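> Sequence:
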Amino acid sequence: MKKGIILIVIAVFISQLMAAPSLDVREPPVTDVWDWTGPIVDPDALNGQWFRDNTTFQEEFRTHEFYDNVEGSGGGTMSCFAIEGYVIMIQYQAGNIIAFDIEATITNDTPAYSEWADGSNSHDEFLSTQDQYEGTLWDTKLTAEFALNQFMQMPSMWTGPYRDRQEYIVAVNEDQEAWYCWTPDNPEPDLIPWGDYYVPTWDFGDIPPGMSSTRTLQFTCAGAGIPPADTRYNVIVNSYDFHEDVLLNRTTSLKISTWIDEIYTDICQPYPQYPEGPLRASDCSVFHNINPENPVELSSFTATYTTDGPTLGWVTQSEVDNIGWNVYRANTGNFDESDQINGNLIAGAGTTYEPTEYIYIDESQLQVDNTYYYWVENRDAAGMTETYGPISLTIPDNNGESPDAPIIEGSIRNYPNPFYPTTEISFMMNEPGQVEVTIFNSKGQMVTTLFNGYYDEETFNVAWNGRDNSGKEVTSGVYMYVIKTDSGTYSRKMVITK
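Oh and the sequence shown: position 458 is 458 in my numbering, straight run, nothing missing.
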């Protein structure tokens, strides 16, 4: 994100790259104080692109940059649609633009292998095309380099056209600030301190391959607004009128210097073939990490004894690339002494940001009054594993029955069984209480919840129509319904035949 001779160096390296997924962000070493590209803790930005939170002022960085060029040295007409932005609202005053909104979308369409592929790529000053990243864009951020984070953040020593123009574009709803190093044509480098200039940044979250994330970016125009004679006026209006992409991201990038110093590139040359189509006059950058801190967020892990035996249940709030689970049991709390007890991998949810429930029944013959320890282990698509636990369970000598159990043992049934398309689950209750009835498939994955609430009648009845939470009809096979109460958990099997 630098100007002048530094960008010339970047262009030389970019020309060697073909289309590729995003690469590491590493800035070349710099020696001049006005070329520093990171905060005082990392002035050369060797860790990646730096950001600062608007509220806490905590600084963080992203290691990779995501591009929408189909060839590293190209851009322009070779741009694809991985990073798009369209003006969806314009507000005028006295004929000038005083505010506008951009709907921005980032699509993770990597990989792109060939020179003219309709895909995305990145460049890096030091890495070859073999050192490329493919996968989820983690903690993704988009920076709008044509705008200011705040008007008052414009460095005071930047004189001439840099502070005299009052129609700066200023972000309204940004989440963070991105470190920006731009040396104006008349710099006073001895006066430029660290961290004196940032550009607005928005969080776009995690974007798995083939998925996209969209946000609305809001801007105002300082002073009297942008008049029709300003080059940027037509850029904004044409995007609104003709649905033209206003967020172009490519090698010959147009950044904040463009919007302040008219239409020039970062090396102070007129932009080639401007206006290269109707709209090629703005720029943004997209940065991300490559590894999540918590690929699977486990919110609960329980063990209860039911009439079917030890029953394990666990709930995830989100999963990323999770292909499945294994279950381990030991006589002690030492995982090294445990054995895997599930025969086949319990299928995971892949990538989801919705809660997912699992259940597993240990059908082994276990000793009464012995305490056993359980772990669950998730495995991702790359073969990496993470283990959770242990939780302990002591095997009772009464087969799980309790004299004050709210459900009368022997009353639990579903009819018909086997069934298609509908069955009714029923049981008798000794006393009112909280009841939850959940359906699981044979892999232990939650299919749907039929009831979750307080029940005060003697006989409980609930029907299942053989559909999941989304309303989709499930396949034939063995399913399990699990009844949870304040003081016990019960499970039964049923079969759908079509």
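No wet-lab data here; the hints were simulated from the structure. Quantities reported herein were computed from a predicted structural model and do not represent experimental measurements. Treat the hints with caution; some may be incorrect.
Claimed, not checked - Distance condition first, Cα-Cα at most 30 Å in a straight line; then the derived DSSO-like pairs of lysine-lysine:
1. Lys-484 <-> Lys-472
2. Lys-472 <-> Lys-443
3. Lys-498 <-> Lys-443
4. Lys-484 <-> Lys-498
5. Lys-472 <-> Lys-498
6. Lys-443 <-> Lys-493
7. Lys-472 <-> Lys-493
8. Lys-443 <-> Lys-484
What the hints assert, rightly or not - Taking CB as the label site, the calculated pair distances span:
9. Asn-370 <-> Thr-55: 33 to 41 Å
10. Ser-470 <-> Thr-56: 32 to 40 Å
11. Met-89 <-> Gln-150: 38 to 46 Å
12. Asp-486 <-> Met-89: 46 to 54 Å
13. Phe-57 <-> His-243: 34 to 42 Å
14. Gly-453 <-> Glu-337: 40 to 48 Å
15. Gly-205 <-> Gly-477: 30 to 38 Å
16. Gln-91 <-> Ala-381: 44 to 52 Å
We put the CB at the ideal spot given by N, CA and C, even for glycine.
> Each hint needs a verdict: does it hold in this structure or not?
Tested hints:
no.	hint	in the structure
1	Lys-484 <-> Lys-472	holds, 24 Å
2	Lys-472 <-> Lys-443	holds, 18 Å
3	Lys-498 <-> Lys-443	holds, 20 Å
4	Lys-484 <-> Lys-498	holds, 29 Å
5	Lys-472 <-> Lys-498	holds, 15 Å
6	Lys-443 <-> Lys-493	holds, 13 Å
7	Lys-472 <-> Lys-493	holds, 20 Å
8	Lys-443 <-> Lys-484	holds, 19 Å
9	Asn-370 <-> Thr-55: 33 to 41 Å	violated, 52 Å
10	Ser-470 <-> Thr-56: 32 to 40 Å	holds, 38 Å
11	Met-89 <-> Gln-150: 38 to 46 Å	violated, 21 Å
12	Asp-486 <-> Met-89: 46 to 54 Å	holds, 52 Å
13	Phe-57 <-> His-243: 34 to 42 Å	holds, 38 Å
14	Gly-453 <-> Glu-337: 40 to 48 Å	holds, 42 Å
15	Gly-205 <-> Gly-477: 30 to 38 Å	holds, 35 Å
16	Gln-91 <-> Ala-381: 44 to 52 Å	holds, 46 Å
Checked against the numbered hints given earlier, this structure breaks hints 9 and 11; the rest are met.
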